[in-house]
Amino acid sequence: MNFLNLFKVAFRAIGSNKFRSFLSMLGIIIGVAAVIIMTAIGQGSKESVRANIAQMGTNVLTVRPGADMRGGVRQDPSAMQTLKPEDYEAIVANKKYITYVSPEVTSGGQAIYGANNTNTSMYGESIEYFNIKQWPIVSGSAFTEEDVRKSAKVCVVGKTIVNELFPDGQDPVGKTIRFKSIPFRIIGVLKSKGYNNWGMDQDNVLIAPYTTVMKRLLAQTYYSSIVCSAIREELTDQAIDELTTTLRQNHKIKEGAEDDFTIRSQQEMMETMTSTMDTITIILVVAAAFSLLVAGIGIMNIMLVSVTERTKEIGLRMAVGARGIDISYQFLIESTLISITGGMLGVLVGWGGSTVCGLLGLPTSIPMWSILLSFAVCTLIGIAFGYVPAKKAANMDPIEAIRYE
Amino acid sequence: MSSNTPQQPAAQQQSTARVKSDKVVIELKDVRRNFIVGEETVHALRGINFKIFEGEFVTIMGTSGSGKSTLLNQLGCLDTPTSGEYYLDGTPVRKMSKSQRAKLRNRKIGFVFQSYNLLPKTTAVENVELPLMYNSKFTAAKRREAAIEALKAVGLGDRLEHKSNQMSGGQMQRVAIARALVNNPAVILADEATGNLDTHTSFEMLVLFQRLYEKGHTIIFVTHNPEIAQYSSRNIMLRDGKIREDTPNPNILSAADALAALPAPQDD
Chain G
1 MNFLNLFKVA FRAIGSNKFR SFLSMLGIII GVAAVIIMTA IGQGSKESVR
51 ANIAQMGTNV LTVRPGADMR GGVRQDPSAM QTLKPEDYEA IVANKKYITY
101 VSPEVTSGGQ AIYGANNTNT SMYGESIEYF NIKQWPIVSG SAFTEEDVRK
151 SAKVCVVGKT IVNELFPDGQ DPVGKTIRFK SIPFRIIGVL KSKGYNNWGM
201 DQDNVLIAPY TTVMKRLLAQ TYYSSIVCSA IREELTDQAI DELTTTLRQN
251 HKIKEGAEDD FTIRSQQEMM ETMTSTMDTI TIILVVAAAF SLLVAGIGIM
301 NIMLVSVTER TKEIGLRMAV GARGIDISYQ FLIESTLISI TGGMLGVLVG
351 WGGSTVCGLL GLPTSIPMWS ILLSFAVCTL IGIAFGYVPA KKAANMDPIE
401 AIRYE
Chain U
1 MSSNTPQQPA AQQQSTARVK SDKVVIELKD VRRNFIVGEE TVHALRGINF
51 KIFEGEFVTI MGTSGSGKST LLNQLGCLDT PTSGEYYLDG TPVRKMSKSQ
101 RAKLRNRKIG FVFQSYNLLP KTTAVENVEL PLMYNSKFTA AKRREAAIEA
151 LKAVGLGDRL EHKSNQMSGG QMQRVAIARA LVNNPAVILA DEATGNLDTH
201 TSFEMLVLFQ RLYEKGHTII FVTHNPEIAQ YSSRNIMLRD GKIREDTPNP
251 NILSAADALA ALPAPQDD
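If you're matching them up, the sequences are chains G and U in order. Heads up: the first sequence begins at 1 in my numbering, then just goes up one per residue. Heads up: the second sequence begins at 1 in my numbering, then just goes up one per residue.
Hints are not guaranteed to be accurate.
[Unchecked claim] Where chain U lies over chain G, by a calculated footprint (3+ residues, C-beta under 8 Å): (1) 306-320; (2) 324-335; (3) 394-402.
[What the hints assert, rightly or not] Within a straight-line C-alpha distance of at most 30 Å, the following computed DSSO-like cross-link-like pairs (lysine-lysine) qualify: (4) U:K29 <-> G:K392; (5) G:K312 <-> U:K163; (6) G:K8 <-> U:K137.
In case anyone wonders, no lab produced these hints; they're calculated from the structure. The structure displayed is predicted, hence computed values, not measured ones. We put the CB at the ideal spot given by N, CA and C, even for glycine.
Please model the complete structure; the sequences and the hints are all you need to start from.
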């Protein structure tokens, strides 16, 4: 029997048992839809992480104290006091692949204006920080070199702070707020950045000159980190080398000894993040794939029932000249059609589901490979789980089959 | 073997125009078939010898257990002999593989079953086309053409697109006969083809079989109804796996006359 006829026969068989065929398809539909939605969410989150990190600037480098061993005990990096003003000066003096440098110190605490208060963090930075982060001021202005030198009690604020402390909509620029009891005059408002991927509100910040934070708030002489930007994203590696050389020299680290600082680039962070997202996606897809396996078993079950039910038909077909292989093709094509049709509907449902997830705020993006993979898997399921029933049908004895009641 | 050859029927009502052919369609040489049931060996056929010539209408009769069904399975190439040889249209069947026999059945044999065995929810034409589906020489157009021709031959030219579940028993059996004819087989094998039908419809079927016989088709009709033997040209009686009698019927009754003599059916 040629394939066109086999398809016709299979279509008819499915058509004459519409509801049953649909039920066995349902497993495939749900399985495929689940795989597609899961990969869409995985891919979507990955893309949004990439976009967010790119937005933060892919050429940003952060130097942190770390990897310091004292008597074989690794120290808590935040407790280390190895990043000093000398380091900052050396970096600025030697910069070749680096454009902007900013020491960073942070302090968490309460900010108060009038009857309103909010819990926030204050970042002490240099004026170059706004260039590194490519973070524009929307009203007012940034602090100046002069402010840094004088440790002026001025700050720029994020959108969230404005909303929390000035709920009635008055202009925050020029107002004086208190952070940890110290008055700061607001001189500028930062452009809103929204939440980052870790769920952190990037607008819940106060940024003041680093000298102010160090002297007036923390009374410390070391930095918690130094933030730099490479000339271009591609020159990140050279910039890292440059920083490493400068800092090792400054810290008098011997050849072969471990660095007492770590340099993190956004690029590296992006890789870490995307590989984490990949792992999550794989876990989700594997879970969804199990439902496809179950669906395949469902198809096998229905096909076995169908074979038994059509014993007489099989006997007749054999009597009029169907070979075993003709019969097995007939059932294989039927099971494959069920699973592929299920797969197609599943892709549609998955696409719809992803769209709904997208509307609900989850970042989604359906990768092409997940659709192709679903089809391949469905075809495979149809053949694999149709094989046993088809074999059973092909091995029937026509004499017994035709008299089967 | 020649003693088994039927004589040309002398004074029959219908078949006077028929010319005896000497082409052997079926030849059985000492065909035996044993089944092993548990520890015992059941001898279903114990050495069957006969030849059937082209254009004969043979009834094979016997009670249940006589080996009738086993013989039918042999003739239909659904089974192979334990020993002996069966030649269908000159081809030895015993050593053939399953798929070779499937092809042989497809080309040489037309089956008519007691319970019609039509595909459900399928039109008459499509049912009749079925054997040709397994013959790659037939295109879709040729298949349909042949099926329509066969349906016309059994008097269902006006019911081509009726589905099997919209037909009466007699109509379904006619479709089945058309299906048996469509591949222009060497032999039509009917297994109790009137067993499920009432007397009136049974005679209609016999009329149809006699008409096919007149056209020169070779027919083997397996039945336990001795009445049917009167309408065939030769009768083989089986008992305990052996041929008990093999007699030509010199006086073939006309099924059409018998049908006319029947009281008209109440409904239909």
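Outcome of the hint check:
no.	hint	in the structure
1	306-320	holds (count 8)
2	324-335	holds (count 3)
3	394-402	holds (count 3)
4	U:K29 <-> G:K392	34 Å, violated
5	G:K312 <-> U:K163	18 Å, holds
6	G:K8 <-> U:K137	18 Å, holds
The structure does not agree with numbered hint 4 stated previously, though it agrees with all others.
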